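Chemist: All chains should be modelled from the sequences, with the hints used to inform the complete structure.
Note that UniProt numbering has the sequence shown beginning at 1, numbered continuously upward.
Honestly, the hints are just simulated from the structure, not real lab data.
Be a bit skeptical, because a hint or two may be false.
Here are the computed lysine-lysine pairs in the DSBU-like style, where the Cα-Cα straight-line distance is at most 35 Å [as the list claims (entries may be wrong)]:
(1) K267 - K177
(2) K267 - K130
(3) K160 - K175
(4) K175 - K3
(5) K160 - K3
(6) K171 - K136
(7) K130 - K160
(8) K171 - K267
(9) K160 - K180
(10) K160 - K171
(11) K177 - K160
(12) K160 - K267
(13) K3 - K177
(14) K267 - K175
So the derived label-pair ranges between C-beta atoms look like this [claimed, not checked]:
(15) D174 - M72: 16 to 26 Å
(16) F134 - E61: 40 to 50 Å
(17) P69 - R26: 15 to 25 Å
Everything numeric in this text was worked out from a predicted model, so none of it was measured.
Just so you know, even glycine gets a beta-carbon here, dropped at the ideal spot from N, CA and C.
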Amino acid sequence: MAKPLGPLPRYGLIGGSGVQVRGEDRWIVDTPFGPCVLAAMDPERRVLFANRHLCTEVNAETGEVEYAPPHMVNYRALVWALSSCECSGVVSLSSTGTLHPEEIPICSMVAAEDYYMVTPQPVTFWGNPKIGAFEKPEGGLGRIHYSPADPASRAEWVAKLQRILQPVLAKVRDKVKFAKGQTATSWPLVQEEEMVYVNTVGPRFETRAEIRSYRPIGHVVGMTAGNEWMLCEELHIPYFVLCCCDNACNGLSQHPGGALQEYLENKQAVSDVTAAVVYQLVEGLTQDA
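Modeler: As structure tokens, this is what we get:
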């Protein structure tokens, strides 16, 4: 690392395919699970950004970062890198499909409060000496047995982020639709219902049959955030995911070209909104420390 990090508290910001921002102050963090490229989003190096698809596949010969699709992202290296930089909270922006386009329309943004893994394989740091079973060991970082998506453990972080995000809504209101139950004061939360993020494996989109099976369970579908959420929780780091709905899931889209074409056509508009959100988060987190 060329220069030291800024003062505490520090925060992690994770983006992906819909986030077109890139910090110029970049460096590689070596972790027990592999390298991860982070970028400082502010001069003091307090808000640290990682593009999940362009941070963990580092070419050993050239040092260049290569694209990693959702199933190839090294989530352990990503989350461990943020933890090693002493990030006390993580915000994630995730491109999602809506399972209920009549209630959560395309171009809406909702904050998920729970997640559902369609293939609940173990995603864990277990085996590292800094990870305990029910309690983190002395000098350690985390434990593997816990109640996931616990609202009490995230309440302060969620309230802080909602307060920080309020000013950006007026700037992008013409590009953002409200989900059912959202208001200008509640956004991006949904007051009437707990939003559930369904995490699929990827990299392909889901089949129509799969989508029918997910509709009673969740509200939006993505391929990444559940993995990040689990690992952050294992390390006692509060995690907040803002779901950017850029398409209706397969079989639900009214677009003549289908869900994929709908996603591609809405990608730029969503990127404009997420860019505004990112800069608001950076400004708010550095000022609200």
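Chemist: Could you run down the list of hints and mark each one as holding or not?
Modeler: How the hints compare with the structure:
1. Taking the CA atoms of K267 and K177, the gap is about 15 Å. The hint holds against a cut of 35 Å.
2. Our distance criterion of 35 Å between C-alpha atoms is broken by K267 and K130, whose separation comes to about 40 Å.
3. For the proposed pair K160 and K175, the alpha carbon gap of about 24 Å is at most 35 Å, so the pair holds.
4. Restraint check for K175 and K3: not satisfied, since their Cα atoms lie roughly 38 Å apart, outside the 35 Å limit.
5. Proposed proximity of K160 and K3 is supported: the alpha carbons are some 29 Å apart, at most 35 Å.
6. This hinted pair does not check out: K171 and K136 have alpha carbons roughly 43 Å apart, beyond 35 Å.
7. Pair hint K130 plus K160 holds up; C-alpha atoms about 29 Å apart against a cutoff of 35 Å.
8. Note on K171 and K267: the hinted pairing holds, with a Cα-Cα distance of about 18 Å set against a maximum of 35 Å.
9. Restraint check for K160 and K180: satisfied, since their Cα atoms lie roughly 23 Å apart, inside the 35 Å limit.
10. The suggested pairing of K160 with K171 holds, with an alpha-carbon distance near 19 Å, which does not exceed 35 Å.
11. A threshold of 35 Å between alpha carbons decides the hint, and for K177 with K160 the separation of about 22 Å falls inside it, so the pair holds.
12. Of the pairs offered as hints, the one joining K160 and K267 holds, with about 28 Å between alpha carbons and a cut-off of 35 Å not exceeded.
13. Taken as a hint, the K3 and K177 pair is broken in the structure, with Cα atoms around 41 Å apart against an allowance of 35 Å.
14. For the given pair, K267 sits about 12 Å from K175 by alpha-carbon distance, which is consistent with the 35 Å threshold.
15. Hint check: D174 to M72, Cβ distance near 36 Å, so the stated range 16 to 26 Å is violated.
16. For F134 and E61, the hinted distance range of 40 to 50 Å is satisfied, since their beta carbons lie about 43 Å from each other.
17. For P69 and R26, the Cβ-Cβ distance of about 21 Å falls inside the hinted range of 15 to 25 Å, so the restraint holds.
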